[in-house]
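Protein sequence lines, in the order shown, are assigned to chains A and B. All residue numbers for the first sequence refer to the numbering used here, where the first residue is 1 and numbers rise by one. All residue numbers for the second sequence refer to the numbering used here, where the first residue is 1 and numbers rise by one.
Because the hints were derived from the structure by calculation, they are not lab data. Misleading hints may appear alongside valid ones.
Put simply, identical chains are the same to the list, so a pair is met inside one copy or across any two.
[Stated by the list, open to error] Below, in silico cross-link-like pairs of lysine-lysine (DSSO-like), each with a Cα-Cα straight-line distance of 27 Å or less: (1) K216 - K295; (2) K216 - K261; (3) K295 - K174; (4) K295 - K262; (5) K216 - K174; (6) K262 - K216.
Keep in mind the model is a prediction, meaning the values are calculated, not measured.
Chain by chain, the residues run as shown.
2 protein chains.
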Amino acid sequence: MATSDRSGVTNVAIIGFGLLGASFGLALDGVPGIRRLCCTRNPAAREWALSEHAADSVSADPAEIIPRADVTFLALPLPVIVRYLTDYAHLWRPGSIVTDMGSVKGAILQAAERTVVPRGVVFVGGHPMAGTEYSGHVHAFPTMFRGADVFLCPASNASEEHVETVAGFWRAVKTNVIRIDPSEHDDLVAHTSHVQHIVASALALTILGSEDPREKMLRDAGCAGGFRDTSRIASSNPVMWREIIEFNTPAILNALDNFQKKLDVLRAEIASGDYDAFQREFARGKELRDAWLEKHMRNK
Amino acid sequence: MATSDRSGVTNVAIIGFGLLGASFGLALDGVPGIRRLCCTRNPAAREWALSEHAADSVSADPAEIIPRADVTFLALPLPVIVRYLTDYAHLWRPGSIVTDMGSVKGAILQAAERTVVPRGVVFVGGHPMAGTEYSGHVHAFPTMFRGADVFLCPASNASEEHVETVAGFWRAVKTNVIRIDPSEHDDLVAHTSHVQHIVASALALTILGSEDPREKMLRDAGCAGGFRDTSRIASSNPVMWREIIEFNTPAILNALDNFQKKLDVLRAEIASGDYDAFQREFARGKELRDAWLEKHMRNK
């Protein structure tokens, strides 16, 4: 790894030890030349980090961890990332690198340019396309990131070498790194992830939200594997998703419009009895999804 | 089993040996007192049925199978069920029982009342809530129905005993049997299954259908586990889904309206910046889905 102290060891701070931070700590276990410094206010997560070898040292105090960090991964909720960049900007050493795992990049890059970048702290926004519907270190696992794509968005002061340093960590945990512009990223994830959470939630609410006891019983019985999978991400953390949606509202509304247009086309075909057209659209969706799955599975 | 010939053996015809028919044949292997007669025009499926012990005898000719059947399971596409009831009504023995595995019940019951019922052939509509996004006997497996709910809709000439005979087969393959009115059934599955296929297809088309090469590359990369699951049923058979939707259009349009209303509420909350309200809705969806999953998993 690039940046390192006199001992030749790179100090990697992981701030926040929820599902992603804890999985990242586990995934880095055994990578040579690094020391993992875990920072979390959750005492159970600190204890767990040491007993599971997800970190080499732990602290509840950012002031103990941040000044020692060569590279800092902020594995925190979006508003907390912004708060850390604001409140602790003075703690990072100039020249050290800060990156994050937040699901939205525009707002985070703006916060970084306003806070750490003017102090000479290098920022590279990051977003691993990984996670589950569960939260917390207890659901972490070391192969969480394997085969996932990671998007990197360098701030104005990040050189190629800085980006490569961050990319090196992600490659060490077997991900595929992609450089992207923050607004392109936010439009992308609005489509591939955020809108799907909204749609999955609307499906769960529509289908299971009946107030009538018999309808409720029947709907429960009538839901099978299709519903289980289509609605899986409706079981995600409501606070986290509120934050993601709050941080990416314009891109999400645009992606919702695109989804709505497609749904309207399918509905109009059904309502007008043009089942041939519906079948063609459905076949095209199957073809696209099958091709994606085949490629996705081959690469992973 | 209730109905049987002089030998005490009940002849069970399974007409159609695709995913459901073939899985049903496999699931009935070893159930005492029955003889499974497989009828399919697909030579490979007939050969497979015998070699995999999914049937005790096979034929390509309905005229060879139907007259011998005490109970007939029509495991065929919806329009083919209607065609069989119409074209072969004269082949069934009066007093024998015919049932089906079609995903829509109103149109099937209407066809049965018009065709086999006037000839004294007993009809009990059936619909197992089971299946995968794959088709064909090669994807069949014996535990396909285990823990699934099966809806039964008796025609006007079906007694309690007739319904119990059909229910007995479904219980033998470890399903949970529920009696239901055909229109109640069709409204139910429009919500719990049909609309979800339309939504999943619209998502796949919206996200993967880009004509722009870089956008296409990024969208492919940006899709992860959430998309994989939310869109899984978009990979289902387009012909089958066209048929299901054609057979259940009014109930599907109504269910689409209900979904649309809920989606509009969520969109309005996001657009107006009422993230507290969005979070409450999302939390309610999670609560409903988590409760469903917990119960579903406990029962299965």
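Status of the hints after comparison with the structure:
Within a single copy, K216 and K295 get their C-alpha atoms only as close as 39 Å, which misses the 27 Å cut-off; across copies the closest is 13 Å, which meets it. With identical chains, the CA atoms of K216 and K261 are at most 27 Å apart between copies only, with a shortest distance of 19 Å across copies and 31 Å within one. Only within a single protomer do K295 and K174 lie at most 27 Å apart by alpha-carbon distance; the minimum there is 17 Å, versus 37 Å between protomers. Taking the closest pair of Cα atoms, K295 and K262 come within 27 Å of each other only inside a single copy of the chain (24 Å); across copies the shortest separation is 34 Å, beyond that limit.
Taking CA atoms no more than 27 Å apart as the test, K216 paired with K174 passes between copies only; the shortest distance there is 23 Å, against 44 Å inside one copy. Taking the shortest Cα distances, K262 and K216 sit within 27 Å of each other only across copies (17 Å), while inside one copy they are farther apart (30 Å).
Going through the hint list in order, the structure satisfies each hint without exception.
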